[in-house]
Amino acid sequence: MVITVNFILPRLMPGSALAVVISLIEGQNGVAATAGSSAIALEVSQLEAAFGLTPAPWYVQYAHYIQGIFTLNLGASITYYPTPVLSIILSGLPWTLFLVVVGAIIAFFLGSYLGSIAGFNRRSRKDLVILIITSILAALPSFVILMYLEMWLSVQHGIFLISFPSKINTSPNSIMALSRFYTLPIIALMFTSLSGFVLGMRNNMLHTIRDNYVTYAEILGLDHNRIRKMVYKNSLLPNITAFAIILGLAISQSLTVEGLLTTPGVGFFFGLALTSKDLPLLQGIFLFIAIMLILSIAIVEAIYTILDPRARVSESE
Amino acid sequence: MKVSKYYNRIRKTLFNNKFILAGIVIILVDFAIGIVGAFWTPYPVSETFGISLPPSSAHILGTDEFGHDVLSVMMASTLTSLIVGISVGALIAIISTLIGLFGGYYGGKISGVIIDILTITALTIPGVILLVIIEAYFRAASSTINITLSYIIVVIGLAITSWAFGAKQIRAQVLSISKRDYIIASRLIGEKSWRIIFNQILPSILPLTVAQFLFGVLYGILSLITAEFWGVLPTNINNLGTMLFFISSNGAYLSNQWWWILGAIIPIMVLGAGLGILNIGIDEFIDPRLKEVKPKVIPEKIVILEEQEIIEVPMLGNYKNRK
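For the protein sequence lines, the chains are A and B, in the order given.
Heads up: the first sequence runs through residues 0 to 316, numbered per numbering that gives the first Met the number 0.
Heads up: the second sequence runs through residues 0 to 322, numbered per numbering that gives the first Met the number 0.
Keep in mind that a hint or two might mislead.
[As the list claims (entries may be wrong)] Short, incomplete list of chain A residues facing chain B, as computed with Cβ under 7 angstroms:
| hint | residue |
| --- | --- |
| 1 | I131 |
| 2 | P140 |
| 3 | L205 |
[Claimed, not checked] Each computed DSS-like pair below joins lysine-lysine, with the alpha-carbon atoms no more than 27 angstroms apart:
| hint | chain 1 | residue 1 | chain 2 | residue 2 |
| --- | --- | --- | --- | --- |
| 4 | B | K191 | B | K178 |
| 5 | B | K4 | B | K17 |
| 6 | B | K167 | A | K232 |
| 7 | B | K178 | B | K167 |
| 8 | A | K125 | A | K232 |
| 9 | B | K17 | A | K125 |
Hints were generated in silico from the structure; no laboratory data involved.
In this text, all values refer to a predicted model and were calculated from it rather than measured experimentally.
All residues carry an ideal CB built from backbone N, CA and C; glycine is no exception.
Model the full structure from these sequences, guided by the hints.
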């Protein structure tokens, strides 16, 4: 079902990708090319046949596509012809995952910690400050936060790099450059996803804090920090879901951040494929988004049953 | 009669709960900026001044790289973005609630399975993509598209791709509620299912619907901005996304034009702050146990018959406190 939708969606896009490419070439060659426009039209249709786009009826295309998925042959990208789609995505995926995973891990712990403080001191000044700041950060697009960070720390002070290092190897210098480049995007992504964790923790904590064992701990005379840690552990579950969903949506998440910095990640290729209507690449990326989401949801459900015995009971119902 | 009862209840909630009131006021102020901006701006939006002037008394937020007054552009752009956000939020809330309700109530049967499949499918479609496709159609259809119509389609496109998370949450809640005794009792007396769904289950999941709405608003605004960022929507119309598109395409962050970026995000920041405060206020609806109930002292008269003599004992309503 999902695969089918992924097949249909890009095809709904009017205007063929080749027309975009051709118009680019025409733009470069100036007026001369328009003279032979009928020849170009012929060429377009030939190329389209080569890419398996228009001429074949939809069910042939569909069969071809399904076959491609199972043989891991997703076709060649049009903008990066003749690089196969799969190798483009696989080359970009580690960068995107690195960016999003590190950001999400920091956001998970920081957000849960802040959320537990906010929830424990409900409606106090601390609660108010934490919630308002994180909500503002959540409302901002991540690339805007990134713009300010880059403006302040890269352009003015030169602490961090603004462009992706051109040479990547395992030498300490290169790793240093990479980390100097990646710090800011990670922080920017972390800030935008912080609010979800804070709210998840806070709202869940408000539930658990009314449980009897908390009252018992209070009567025992445990200090507040200790009780907060106890409740924290018991309220962590929803945030694990949020964490997995962020990973599942990694590609869409990094769309703007990678676009701004032109990092060779999947988000960047995604944006390029969107603007240049690179059908095979789009299709491949859709497939990866779907696979990652479904995988992460499945993993969450598995983790849930391990961590929370109550979920096991409700499952058997 | 009934309306005034609801009105009273709403008024009471608002004034007892300062956070909800403050949140709503902040959001309304944001809207006011937008509405004023739609009719009046300090300078006409297309008027040009010096290029990239930093903030001064004449231009509170400076001017952008085209020489436009940033404050004016901001005011003119706010309303459309807010309306798109609010309508996406409302649509997401409605769709996810309805699907969650029906999917949960009829869960396990064929309709439940169909809804499950729909949900997973909708989960995996990134909303931005649908926007691009829709938009491309419009651009292909005609060069002069009706702006209002294209916004309506953007809103619908965003809503139908993003109701699924909410529906999943609500469905889980409905599943557990519809197995409770009072629902089963209603079913046994032969109450119509739609009455059970809307009168008995709906009220207890309303807080989740509100949460869906709040997140939906932000989602709508941010998605519009993401789509604009890649330039896949037309840039000849004023909204905050187009503003940010010009900012990023002109590299404003490389040339230190912080005021230009600030102009594009002030309305979103205000909205975010308003929603944050609203969320603090709303938590007591999510968990009614958090509601601060002022203990009412009701003097009661308990009549005890003792040896034909009547003794009146005054008693506090809350007998637990009477130690």
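Problem set entry | Hint numbers not upheld by this structure, sorted from lowest to highest | none
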